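These protein sequences, in sequence, are chains R and U. Anchor point for the first sequence: position 293 equals 293 in this note's numbering, and the numbering is continuous, going up by one each time. Anchor point for the second sequence: position 169 equals 169 in this note's numbering, and the numbering is continuous, going up by one each time.
Just so you know, not all the hints are guaranteed correct.
Heads up, simulated DSSO-like pairs for lysine-lysine below, C-alpha to C-alpha not over 27 angstroms straight-line [said to hold, decoys possible]:
no. : chain 1 : residue 1 : chain 2 : residue 2
1   : R       : 429       : U       : 162
2   : U       : 446       : R       : 366
3   : U       : 322       : U       : 446
4   : U       : 497       : U       : 410
5   : R       : 185       : R       : 97
6   : U       : 322       : U       : 497
7   : R       : 366       : U       : 30
8   : U       : 446       : U       : 296
9   : U       : 104       : R       : 366
10  : U       : 200       : U       : 322
11  : U       : 296       : R       : 429
12  : R       : 156       : R       : 97
13  : U       : 497       : U       : 200
14  : U       : 296       : U       : 162
15  : U       : 162       : U       : 104
16  : U       : 322       : U       : 104
17  : U       : 30        : U       : 104
18  : R       : 429       : U       : 322
These are computed hints drawn from the structure, not numbers from a lab. These figures come from a predicted structure and were not determined experimentally.
Residues per chain are reported as follows:
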Amino acid sequence: MDNLQIATPEIFLLAATCAVLVVGLFTQAKSNTVYWLSQLSLLITLIMSLTQLGDEAVTGLSGAYTLDSLSASLKSWVLLLAIGIFLYSRDYVGNRKIARSEYFVLGLFAVAGMMIMVSATHMLTVYLGLELLALSQYAMVALHRDNGRAAEAAMKYFVLGALASGMLLYGMSMVYGATGSLNLKVIADILAGNSEVLSAERTIGARFGLTFLIVGIAFKLGAVPFHMWVPDVYEGAPTSVTIFISTAPKIAAFAMLVRLLVEGLETLNADWQQMLAIMSALSMVVGNLIAIAQTNIKRMLAYSTISHVGFLLMGIVGATDAGYSASMFYAITYAFTTLAAFGVLLAVSREGFEVEQLTDLAGLGKRNALLATVMLLAMFSLAGVPPAVGFYAKLTVLESAVSAGFTWLAILGVIMSVIGAFYYLRIIKIMFFDDPVDELEVSPAGDVTAALAVNGLAVLALGLAPGLIMSACIAAFS
Amino acid sequence: MSFPILSLTIWLPILAGFLIIAVGDRPARKLAGIASILTFLVSLPLYFGFDSSTATMQFQESLAWLPSFGINYALGVDGIAMPLIVLTTIINVIVVISAWEVIKDRPSIYLGAFSIMTGLMVGVFSAMDAILFYIFFEATLIPMFLIIGIWGGPRRVYATVKFFLYTFLGSVFMLIALIYMYNQGGSFAIADLHELALSKDQQFWIFLAFLAAFAVKIPMWPVHTWLPDAHVEAPTAGSAVLAAIMLKMGGYGFLRFSLPVTPDASAQMDTFMIAISLVAVVYIGFVALAQRDMKKLIAYSSISHMGFVTLGIFIAFRLIAKGDASGVALGIEGAIMQMVSHGFISAAMFLCVGVMYDRIHSREIADYGGVINTMPIFAAFMVFFAMANAGLPGTSGFVGEFMVILASFKTNFWIAFLAALTLILGAAYTLWMVKRVIMGPIGNDKVAALTDINSREFWMLAILAIFVLLIGVWPNLIGGVMHASVENLVNQISTSKY
Numbered sequence: 001m002d003n004l005q006i007a008t009p010e011i012f013l014l015a016a017t018c019a020v021l022v023v024g025l026f027t028q029a030k031s032n033t034v035y036w037l038s039q040l041s042l043l044i045t046l047i048m049s050l051t052q053l054g055d056e057a058v059t060g061l062s063g064a065y066t067l068d069s070l071s072a073s074l075k076s077w078v079l080l081l082a083i084g085i086f087l088y089s090r091d092y093v094g095n096r097k098i099a100r101s102e103y104f105v106l107g108l109f110a111v112a113g114m115m116i117m118v119s120a121t122h123m124l125t126v127y128l129g130l131e132l133l134a135l136s137q138y139a140m141v142a143l144h145r146d147n148g149r150a151a152e153a154a155m156k157y158f159v160l161g162a163l164a165s166g167m168l169l170y171g172m173s174m175v176y177g178a179t180g181s182l183n184l185k186v187i188a189d190i191l192a193g194n195s196e197v198l199s200a201e202r203t204i205g206a207r208f209g210l211t212f213l214i215v216g217i218a219f220k221l222g223a224v225p226f227h228m229w230v231p232d233v234y235e236g237a238p239t240s241v242t243i244f245i246s247t248a249p250k251i252a253a254f255a256m257l258v259r260l261l262v263e264g265l266e267t268l269n270a271d272w273q274q275m276l277a278i279m280s281a282l283s284m285v286v287g288n289l290i291a292i293a294q295t296n297i298k299r300m301l302a303y304s305t306i307s308h309v310g311f312l313l314m315g316i317v318g319a320t321d322a323g324y325s326a327s328m329f330y331a332i333t334y335a336f337t338t339l340a341a342f343g344v345l346l347a348v349s350r351e352g353f354e355v356e357q358l359t360d361l362a363g364l365g366k367r368n369a370l371l372a373t374v375m376l377l378a379m380f381s382l383a384g385v386p387p388a389v390g391f392y393a394k395l396t397v398l399e400s401a402v403s404a405g406f407t408w409l410a411i412l413g414v415i416m417s418v419i420g421a422f423y424y425l426r427i428i429k430i431m432f433f434d435d436p437v438d439e440l441e442v443s444p445a446g447d448v449t450a451a452l453a454v455n456g457l458a459v460l461a462l463g464l465a466p467g468l469i470m471s472a473c474i475a476a477f478s
Numbered sequence: 001m002s003f004p005i006l007s008l009t010i011w012l013p014i015l016a017g018f019l020i021i022a023v024g025d026r027p028a029r030k031l032a033g034i035a036s037i038l039t040f041l042v043s044l045p046l047y048f049g050f051d052s053s054t055a056t057m058q059f060q061e062s063l064a065w066l067p068s069f070g071i072n073y074a075l076g077v078d079g080i081a082m083p084l085i086v087l088t089t090i091i092n093v094i095v096v097i098s099a100w101e102v103i104k105d106r107p108s109i110y111l112g113a114f115s116i117m118t119g120l121m122v123g124v125f126s127a128m129d130a131i132l133f134y135i136f137f138e139a140t141l142i143p144m145f146l147i148i149g150i151w152g153g154p155r156r157v158y159a160t161v162k163f164f165l166y167t168f169l170g171s172v173f174m175l176i177a178l179i180y181m182y183n184q185g186g187s188f189a190i191a192d193l194h195e196l197a198l199s200k201d202q203q204f205w206i207f208l209a210f211l212a213a214f215a216v217k218i219p220m221w222p223v224h225t226w227l228p229d230a231h232v233e234a235p236t237a238g239s240a241v242l243a244a245i246m247l248k249m250g251g252y253g254f255l256r257f258s259l260p261v262t263p264d265a266s267a268q269m270d271t272f273m274i275a276i277s278l279v280a281v282v283y284i285g286f287v288a289l290a291q292r293d294m295k296k297l298i299a300y301s302s303i304s305h306m307g308f309v310t311l312g313i314f315i316a317f318r319l320i321a322k323g324d325a326s327g328v329a330l331g332i333e334g335a336i337m338q339m340v341s342h343g344f345i346s347a348a349m350f351l352c353v354g355v356m357y358d359r360i361h362s363r364e365i366a367d368y369g370g371v372i373n374t375m376p377i378f379a380a381f382m383v384f385f386a387m388a389n390a391g392l393p394g395t396s397g398f399v400g401e402f403m404v405i406l407a408s409f410k411t412n413f414w415i416a417f418l419a420a421l422t423l424i425l426g427a428a429y430t431l432w433m434v435k436r437v438i439m440g441p442i443g444n445d446k447v448a449a450l451t452d453i454n455s456r457e458f459w460m461l462a463i464l465a466i467f468v469l470l471i472g473v474w475p476n477l478i479g480g481v482m483h484a485s486v487e488n489l490v491n492q493i494s495t496s497k498y
């Protein structure tokens, strides 16, 4: 296969994005052209990516880029999520003074960045993808420029994100110093002692670098103690951007974690297992406990995200193939469950009315039973109650943690998931048991309603047939 | 593979439930009625086609479900599970009758939720795979959470969240135990877990994990406090299903998991278990005596009766130590008998309170008095069920209690003495309530204005009364099907696993 051919979806998407950018200049603010063009580019890219699904693993572009079953399937998920995000956000962005063509264009750039992250097997490519994603996100958070909180959130996100990027780069340079390469495959070979004898000092150098790499990854995932930006950004950003930040990038960050730690530095697993175990435990505890105290629903979901990152890390901690695929399953199911939750928030919001407080959802069960049911399924799934798909995600990561001897972490995890169930139940309580505070009808567009229904149904249906995604996740790590 | 009766009994009500919700309020009642009767009819072959001479699982079905984790969709019933399944489908019919004209607010969702829950509960009793069991066990929380939360009383939110979190907390430990055993033995099949060799320490911790799940569910003292809240706040049918079936999931769990999977730990812990069972029987009996709210009184009486179930189960280990195999079977069969009988009686008691509540909108005993004067037919039913609740010979309430007390006598006089106190206490709190509510002169104007039960309510109570009497005079109706299974269980728990 030709070298460039492995990156055709990315190349197409970037070209299409540039075209959309130009078209955006010449369209009216109210027109939907940019939206439809963006969706079309995503759809074509998705099809291109799906055709690559069964292909043999190929590494090309001087070892910087890899197409394997992990990257092909994660890319497809990222693209599918992006299509959903754009659909749910369309009317929200349109009704507010948010530069709409910029929203979609930045979103497309971010998607391209994620696709590069997912396929990168060279530290520079990883960094390149990451920055493309991050810079687009900083700008997206700031899109609502007249809003003080959005500006504050963007500033915070940018400063902390830049710091984390610096850490990551520093870690990469340390690893380079120790091994003499930035190619993850070569690094793995050297660390395994295959290429040359590695002196003790130089392994220490790699371990030192590893610590900084983990800081950078943890920041991007939002794991405790590098989670400070998450609640502020989730709350301050327009909801259409929050839905973006909270879903697809988690999958990309998972891929980055796997590429760096598992494919590059797996021989140092004794070191990173400990660090990840502590971060996993802290994330679950801090995320779940602080979420209870939140009255702002976006902030609450932010802390909930932090706790789910803890669960996601629990699968990696064991350093087994079964654990990695469990984490992958967790990342995917988490992403589209959260997509449904934020999708409902976007659908309930309308011009002049933002869903901010928990009480804003009061009586949704009476106002729009379908949206409320979708939210209910999403909440039970996030809480890990069977038969929603979130249960299997928890089951698989718990199983991998127990089999790797981290039973204490698994027990902590289930206790925290019970605590977590409390605030998810509270949303259900507010929607179904409380009386509505305003009687205005909630009527999102037909295609949004249909998409939300499918999204909610998927949360349930994949719970009845979890094998569908599970087999792909297992195939990615075998 | 033969005709999948179990799958049909599970999925018919679940799919019907979604259909009921989808069709809206107007046709919901009729559809729910048809679905519940159909489900009952479908479950009948389980009873009549049951081979009571064997302990092997019957009506088996198995499909690979999540092969990478060895999880199968495996169903089957033995003599312990089958009566509970039939009980579930009967209670489902009663639920629909009870809700017929009472529920005005969104009846389609109400009936749909009950229908779905019925399927899930049948799933709990027929799962042969531990994860499948767990999924059904947990999934029942969702409809019950909504039923209490939407149609419950004034403190419904507190009660339903407490109910959910309490039971959720208990069962997640069971999940960890199941995963742990999967890592030891490589299988989630319950039959394989029964065979799995476990050391003393392993058994101890696994036993505790199961205890957390089932003690909360059944519930045992001191983790019973969610039950009075949930029972009191739930709508009538919700209380009935909670008491009649959901509590039995705890007792069933002890028999299906705790005893055969961790027999040595169960034997080691038997004194403790017997002690807290007796606390439930005696102390909670006194607590029931002090209640002013009828539903609360029945709720505490449920806890006290469930104390009998755990007593009957764990007394077994004392008798095994003595080498008295027939006594062991007596205790366990008594426990199962008590579960089934309590299913009918507690449901009937809650429905009786519901009948009065629908008319006067009060559950306070003090708001009633002399109901017999205005509602004579109803009063007859209520007195009958109260007698059954107190364990009157000739009713089903007597059979289980008597068997457990008899088994207790074979071990220790004082255990039997304390257990037998229930005959006095049960009679005291139930009959005293009946005296204050039903008997005497008309208490107030509201009671004077009462109208007697209509034919819907009559048949609802009559069906239950028939079963209570039938089991009372002919216990072998249920006893007959479970001998072989209980014998098998006794064999399992008398052999050490290490």
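Which constraints among the numbered hints does this structure fail? Numbers only, ascending.
Going through the list in order, the structure violates hints 2, 3, 5, 16 and 18 and respects the others.
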